[in-house]
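Chains as they are written, first to last, in this note's numbering: chain A, 30 to 602; chain B, 30 to 602.
It is possible that some hints are incorrect.
Which copy is meant is left open, because identical chains are indistinguishable; a pair holds if it fits in one copy or across any two.
[Unchecked claim] Listed below are the simulated BS3-like cross-link pairs for lysine-lysine, each with C-alpha atoms no more than 27 Å apart in a straight line:
hint, residue 1, residue 2
1, Lys593, Lys515
2, Lys572, Lys417
3, Lys463, Lys120
4, Lys120, Lys323
5, Lys323, Lys515
6, Lys460, Lys417
7, Lys460, Lys414
8, Lys414, Lys572
9, Lys323, Lys460
10, Lys593, Lys323
11, Lys414, Lys120
Because the hints were derived from the structure by calculation, they are not lab data. Note that the structure is a prediction, hence the values are computed from the model and not measured.
Protein chains: 2
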Amino acid sequence: MSVRELFPCAEWLRRYDRGILISDLIAAVIVTIMLIPQSLAYALLAGLPAEVGLYASILPLVAYAAFGTSRTLAVGPVAVVSLLTAAAAGKVAQQGSPEYMMAAIILALLSGLLLLAMGVLRLGMLANFLAHPVIAGFITASGIIIAVSQVRHILGVEAHGENLLDLSMALYGHLGQINLPTLAVGVPAVVFLFWVRGGLAPLLVRLGLGREVAAMAAKTGPVVLVIVTTLAAWLLGLGERGVALVGDVPVGLPALTVPDFSLELWGELVGSALLLSIIGFVESVSVGHTLAAKRRQRISPNQELIGLGAANVASSVSGGMPVTGGFSRSVVNFDAGAQTPAAGVFTAAGIALVALFLTPLLFYLPRATLAATIIVAVLSLVDLKILKRTWTYSLSDFAAVATTIGVTLLLGVELGVLCGVLASIGMHLYKTAKPHIAVVGQVPGTEHFRNVNRHEVITDPRILSLRVDESLYFANSNYLEDRVYKMLAERQELEHVILQCTAVNEIDFSALESLEAINTRLQEAGIRLHLSEVKGPVMDMLKRTDFLEHLSGEVYLSQYQAVKALSGEREER
Amino acid sequence: MSVRELFPCAEWLRRYDRGILISDLIAAVIVTIMLIPQSLAYALLAGLPAEVGLYASILPLVAYAAFGTSRTLAVGPVAVVSLLTAAAAGKVAQQGSPEYMMAAIILALLSGLLLLAMGVLRLGMLANFLAHPVIAGFITASGIIIAVSQVRHILGVEAHGENLLDLSMALYGHLGQINLPTLAVGVPAVVFLFWVRGGLAPLLVRLGLGREVAAMAAKTGPVVLVIVTTLAAWLLGLGERGVALVGDVPVGLPALTVPDFSLELWGELVGSALLLSIIGFVESVSVGHTLAAKRRQRISPNQELIGLGAANVASSVSGGMPVTGGFSRSVVNFDAGAQTPAAGVFTAAGIALVALFLTPLLFYLPRATLAATIIVAVLSLVDLKILKRTWTYSLSDFAAVATTIGVTLLLGVELGVLCGVLASIGMHLYKTAKPHIAVVGQVPGTEHFRNVNRHEVITDPRILSLRVDESLYFANSNYLEDRVYKMLAERQELEHVILQCTAVNEIDFSALESLEAINTRLQEAGIRLHLSEVKGPVMDMLKRTDFLEHLSGEVYLSQYQAVKALSGEREER
């Protein structure tokens, strides 16, 4: 790996000029303002003090700017990763305890180290095992759980739980204790944010603003809400009326922390850290890809592992929490005109200034405001239509979505994504274990062979042409044997069996043994076994064995040549 | 499921006559005699009292005779399953304690219930996920562990351990305490049995016996050894000289037992029971298949699950241990001329008679004799050549064998087989995640298209024909996108991309989204995307979506027709 590959920043730093600097600075100011409520909110979602969200938005941005390949990705706390952090830390400590904080820091560290290791080992492809339906289902179900978990802040009650059932029961049980002043802040906040999201930009356009300026102005909704509700809480003394406020946020930059090294604790958290890393990576890479494509840029998934790994390690040593590239903050950064990751560094400086000087202003910020921010943000991620779309396409994809959503909602986020992944892999293996085997014949007037049941084709009763629609490997080698033997029993005149290997991309050792068994069995019955259209890589492997010497028949370049040679006299066309 | 399917015995009972009866009776007498040392030995291997081996060779045989489909399979305790039983029971109780005995009984019950459930659900195919290399590696490694674990009985020392390292260290530590009289029994016993196995039959043939009679006579080696060493132990008073004897074996039939129902204990054992069931099932089915093929009979794997399940439940309620169809006992049964499972019922009666009347004769039987029997039996299963054979064939099959053998020897049997299965599935998925993608061209004079790098073919710079050698699914959909985009960048004149889908057996939802993305991206670059040779089942699914409407190009029946239509004027042949 060259220095230039390891530090993608070298590339854009060389061409950095005043024009880019100004673009980046403007973007950074906008993103800094937007990020404040989001960072505080996601820290609270993770069960951590609000300031941790700010800390996790300083050093990680600098680390990502040095090692990441996306020009516009904005790194920091995001909803789904915060939820996973809460689930993982909650297994080893009580929310609010120092041990809980340490668990979050260790999760960031482990996650960083795992991402770095995966990057060095070029394991970015592991993320591909999260099927799209599993990701879509997981994000939808997480969004629902997060939204429901925030309802308690809107109602001003205590109600905790890791899954939808627990949460709903807890909320129901506390319906009698609703704090009306909190409700009076929370409900209008939610309504306002939904309106801002949907209705404000068109309104501003109608009032004469440019489309882009209007869209950007609409994104300031959360900031406006923070200012208005903080002022209201201060002026109306809402704190004394039972409205939960953010309260004291320490002034100053985060102290450098040395994460505890406890082998036992690390062992308990490493599984969760891996899950959190992979999900964060997938989310980040998909955002990065989307934004890069818009400007004809490219990102490198394996280098992204390094960038996100460095960001998480940076987060852990500065008292932060697990971070990743977030959708909403990246879009803000992109739309605000950020040209290079330097915008991230400037944003980090902005957040650092906030942490140094402005945290006292956050004392009166109602938690209900932050909850409203979260609810509106995550509900935009909920996409139940994925159920319908997969249902019309295939049962197995639908099952993967349904499993992921169902288990996530009922049993929790970690089990949900695990079951989704296992279900999708399991169903894929199940399908390949019982492959489609077509009897094929020649399409008249061509050299092309197709399924006898779907096309009008020419066949010869002495020749059985089989197309196995799958690689031959251990999971289906016995199945293949059984099917071939059954077909033999139904055909008396048979002299030749030709396996058309167009779809056979691999023949593993188990399948080789099965082919040898089939060859022997056919030979005993006076039938010759032939292969056709064997691909190069498969043929290379077969040549390393003595199978081709034992084979009672031949290997033909094409199915047409095989049938032509074996049917002898007959000549088509 | 019809009554006839559920009771395969109905089939052979209808045709039962005196000739078959006599064959079955003779086979039963021979098998009974052979089974006694084997049953005692495998019970001791499982860490159980010797008589448990006899109990597990009575009712289970009757149950299998009623429900099993193999005519000659002999069910009872076998080496590998006994080893797994010891590993599993050893996790929850101390050898020799009543809890340990109960654990073995519960393992048999759970194993029986799991096999029955799998049979009812027709899950016999699950066994296909044990790749041949994994099975071969597991049996080899288990054979080594079993043989080494029995060396202590030959040396007359105490040395326990679950893996090769522990066992070797324990043996090494006790080398000073070797009991010479035990050694004097054990070593000649091993040598004798090896000689009987290899040299006796040819000698008898040379002495004028028929080949089959000689082979059968050679199989009585273990029985002769039992008689000789028992007499020697009695006459020479070897027991007082420190030679371990079998000792008191209770007289009488097993009492019917009701297995403990403890949810916690069942929970601890159910994983091991599942493993043990699947491995026992695979071993039994492969033996059954082999023997059935010799007489042109068939066995039904799903019904075998029912037969073996019933056998294990029967074993558990009669104080036995987990059982399955064993290789050596089945071969004896087959060679002795058994015609139907009635031979098993007669064998059960024979073993019952032994349990009722002959157990006092076993008092002086040296344990070293049984250990010698086990060592010689399992060493014949060790096949280290599998390492070399897979090595020359493919790295992934070799890795599966090596992982299975390595982990089994170093960390134990259960982890060994689990890691082997995970490694083989993981490597299969890894391969399909990075599929071979060939650029293809027309083989001159044919309608056949092959890899441009391997064959002399005709291509057109305006047309890129790609053959993806894998089903398109979530694990490789991103990879496909990346590869296609890279190929585009290298080709400037391109007007058409044709995906030849001969090897695409499935397009799942994730891959469909990737194809849509590729289609859009190509369209933006002014290139049309076409598909050719799409298989029936895949086409059926695509038709359920609007993908074909968005597709910028066409779907052609064959690659030849696609290229012919797109290259327009040009006409081959």
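Alpha-carbon proximity context of lysine 460 and lysine 417, limit 27 Å: Intra 22 Å, inter 31 Å, cutoff 27 Å: intra-copy only.
Homo-oligomer pair classification [lysine 515, lysine 593; C-alpha up to 27 Å]: Answer is within: at 26 Å inside a copy they meet the 27 Å cutoff, but 39 Å across does not.
Homomeric proximity label, lysine 414 with lysine 120: Cα distance no greater than 27 Å: neither (33 Å within a copy, 48 Å between copies)
Homomeric proximity label, lysine 593 with lysine 323: Cα distance no greater than 27 Å: neither (53 Å within a copy, 35 Å between copies)
Intra- versus inter-subunit Cα pairing at 27 Å for lysine 463 with lysine 120: Classified as neither; 41 Å inside a copy, 37 Å across copies.
Homomeric proximity label, lysine 323 with lysine 460: Cα distance no greater than 27 Å: neither (37 Å within a copy, 32 Å between copies)
Copy assignment of lysine 120 with lysine 323, given that the CA separation must stay at most 27 Å: This pair counts as neither: shortest intra-copy Cα distance 41 Å, inter-copy 58 Å.
Identical-chain pair category, lysine 460 with lysine 414, by Cα at 27 Å: Only inside one copy: lysine 460 and lysine 414 sit 25 Å apart there, 32 Å across copies, limit 27 Å.
Identical-chain pair category, lysine 414 with lysine 572, by Cα at 27 Å: between (50 Å within a copy, 19 Å between copies)
Alpha-carbon proximity context of lysine 323 and lysine 515, limit 27 Å: Between copies only: 17 Å across chains, 55 Å inside a chain, cut-off 27 Å.
Homomeric proximity label, lysine 572 with lysine 417: Cα distance no greater than 27 Å: between (48 Å within a copy, 16 Å between copies)
Hints 3, 4, 9, 10 and 11 from the earlier list are contradicted by this structure; the remaining hints agree with it.
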